[in-house]
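Engineer: Quick note, the sequences are listed as chains A and B, same order.
Using our numbering, you'd call the opening residue of the first sequence number 3 and step up by one each time.
Using our numbering, you'd call the opening residue of the second sequence number 3 and step up by one each time.
Bear in mind the hints are in silico, worked out from the structure with no lab data behind them.
Just to be clear, a hint being listed does not mean it is correct.
One copy or any two copies: either way a pair holds, since identical chains are not told apart in the list.
[Said to hold, decoys possible] With a Cα cut of at most 30 Å, we get these calculated BS3-like pairs of lysine-lysine:
#1 Lys-192 with Lys-203
#2 Lys-19 with Lys-145
#3 Lys-367 with Lys-7
#4 Lys-175 with Lys-97
#5 Lys-71 with Lys-9
#6 Lys-10 with Lys-118
#7 Lys-10 with Lys-52
#8 Lys-9 with Lys-97
#9 Lys-22 with Lys-192
Protein chains: 2
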Amino acid sequence: MDFSKIKKPTLLLDESKCRKNIRIMAGKASSSGTIFRPHFKTHQSAEIGKWFRDEGVDSITVSSVTMAKYFAGAGWNNITIAFPVNLREIEDIAKLAESISLNILISDYEQVSFLKMRILNNAGYFIKIDTGYNRSGIEWNEKVQILRILDEMNYNSSIRFSGFLTHSGHTYKAGSTKHITDIYNDTLLKFAPLRALSADKIILSAGDTPSCSIMHDFKGFDEMRPGNFVFYDLTQYFLGSCRLDNIALTVACPVVEKNNRRQEIIIYGGGVHLSKESVRINDGRIIFGKAGLYDESGWVQVSDNDFLRSLSQEHGIISASEELFNSVNTGDIVGIIPVHSCMTADLLRQYHTYDNRVMSDFSPK
Amino acid sequence: MDFSKIKKPTLLLDESKCRKNIRIMAGKASSSGTIFRPHFKTHQSAEIGKWFRDEGVDSITVSSVTMAKYFAGAGWNNITIAFPVNLREIEDIAKLAESISLNILISDYEQVSFLKMRILNNAGYFIKIDTGYNRSGIEWNEKVQILRILDEMNYNSSIRFSGFLTHSGHTYKAGSTKHITDIYNDTLLKFAPLRALSADKIILSAGDTPSCSIMHDFKGFDEMRPGNFVFYDLTQYFLGSCRLDNIALTVACPVVEKNNRRQEIIIYGGGVHLSKESVRINDGRIIFGKAGLYDESGWVQVSDNDFLRSLSQEHGIISASEELFNSVNTGDIVGIIPVHSCMTADLLRQYHTYDNRVMSDFSPK
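Bound conformation, chain A alone (with noise of 0.2 Å):
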């Protein structure tokens, strides 16, 4: 990496980590026989997307309409929109429904009377389950309102039932790994009875992070769809799904200032370059991402004394060990590991490689 031509707040990608991340994913998924469906919407890049086709990968999910459209114009033909169905954007659900496998989500019995009248040209459509986050879909228990659900959209030969589809976040605020698993465990319990109600094969998907990162078989769901593995961030690091050197994604950040007295190091990086997502790590701090400089390999070097402690629109204050205040002047580039890279990779919107590549496309808001 040439660090001698960045002059601005620039997000930098490790591609062999994020391969290896890739590969690792696959590799456990295959290994339980499911299927790998990965939530694209923490690279949302038609190039890194590549690489997940080069470890076999050929169905994705994504988060929105928009990024449906854009990762079909780049080739993908088997795509999940794993967010309740919008209904504003129905038009544009049924064009892109003509031209691949597509399947959406109905999360509520609302949207029903409405789907239930639409040609949707053979789409699919999973009935989203709350197993337990509290953000959105059925609850697992209410088997009168997916039998309801079911029925009516039975009416509707132009999209079939594909499965049940749940996405147990809360694994996000685990204390422990053991937690993860507990929560995976649960979710499963109250999953896997799902299957009966159905005399179809189905599908039963989940898939966040955490668990996929954490568990080493994923034996009784059908697919998993895991998206912020891809570069994990800080978030996944305090939560124990990866270690800090598996993390693919850092932001460089020149050096603007450094202030003696509160020993701080002050960068050009602030919350529309990293965002405002914090984490608040063991001693009760909370902290915007740490802070290190990058060794010969790109990595950024840590210490658990170097964190940002603030952000403004443009300003990050790094609140730094000794080691690190002596060794920075103004005008070097500093790394920053960040706390939540979707957020991040959002804001960048170009990725940096370490042989000096520029991957500029990525998916409209």
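Knowing the structure of chain A, use the given hints to seat chain B on it.
Structural biologist: Relative to chain A, chain B alone:
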């Protein structure tokens, strides 16, 4: 506003409220005999810039070299980059100083040894003073350090001293308007004696939005640089800087699901649209926006019981009053008043006005 065309999270701008916010602030600066140099980082829009021009504004503030180049391209020829000088962009700065009247910021002695050797085409520099915010700058009482900078920079005849600049961002943590007034007065008290450090006629520049909104008179300061007031937002509302109906920016979001059990409304509108900025309200809850229905004037009618309790990448979860919950259907549009309009505008980068214009010209990052 034609809401029928809205399919995705859409940034709506009430031009008349926005123009009124500009007019009031310009008038206050004018009657105080203070230069009004508004911060354009909030809107980042050449077209909104023209509305300032209509109120007689001819000098502006930005927070990056990129933004300075963007607004210079839009015809602004008097720009202060109120961000610690980024030595890695010195070529761009020098080039820009050839065509416009440019001010940069020295916030640290380390920058001086570099800057005193550069030809900067009669650019101006401010010394950034920290009057209590603890983000950036030389502490107000470090006179020896300040005199040392003035002395060294004196050797460079291609750059002139413009004055002292501060940003009392600690007003954003104030618990009351009385507290904001106290910070304003404290800033003036610490700042005013600096005038004696230079024999030249210099500028004392300040101006955070909370102070500028609450104070009626800016006497003592020569220049004010508020930014956020152009739109205002929930943060300013809770600080007491504005009324709710002064807020010029809302985000129109499709309702994609309703959850009866939790009385929650799920919208298409998440962290990539609104940002993850939150604000703690009186009862201790953390909220990510206020939610309600648009009335005929385009304003969002909100109650204290309708707010965004959580945001994911694309989902927003509204904790709803019975009234809002019952009057909204899946497929409808709800309005969100954002917590931090600067971040929300930066994410959506496109303003839709109530006369159905789309203003997409936006500063690159």
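Engineer: Could you run down the list of hints and mark each one as holding or not?
Structural biologist: Verification of the hints:
When the C-alpha separation of Lys-192 and Lys-203 is checked against a cutoff of 30 Å, the pair qualifies only within one copy, where the shortest distance is 19 Å, while the shortest distance between copies is 74 Å. Taking CA atoms no more than 30 Å apart as the test, Lys-19 paired with Lys-145 passes in neither setting, with 43 Å inside one copy and 50 Å between copies. Taking the shortest alpha-carbon separations for Lys-367 and Lys-7, both the intra-copy value of 29 Å and the inter-copy value of 17 Å come in at or below 30 Å. Neither within a single protomer nor between protomers do Lys-175 and Lys-97 lie at most 30 Å apart by alpha-carbon distance, with minima of 38 Å and 50 Å respectively.
For a Cα distance limit of 30 Å, the shortest separation of Lys-71 from Lys-9 across copies, 14 Å, qualifies, whereas the shortest one inside one copy, 33 Å, does not. Taking identical chains as interchangeable, the C-alpha atoms of Lys-10 and Lys-118 lie at most 30 Å apart only when they sit on different chains, with a minimum of 22 Å there against 51 Å within one chain. In this assembly of identical chains, the alpha carbons of Lys-10 and Lys-52 lie at most 30 Å apart whether taken from the same copy (28 Å) or from different copies (28 Å). In this assembly of identical chains, the alpha carbons of Lys-9 and Lys-97 lie at most 30 Å apart only when taken from different copies (15 Å versus 43 Å within one copy).
For the identical chains of this complex, Lys-22 and Lys-192 are neighbours neither inside a copy (32 Å) nor across copies (55 Å), given an alpha-carbon limit of 30 Å.
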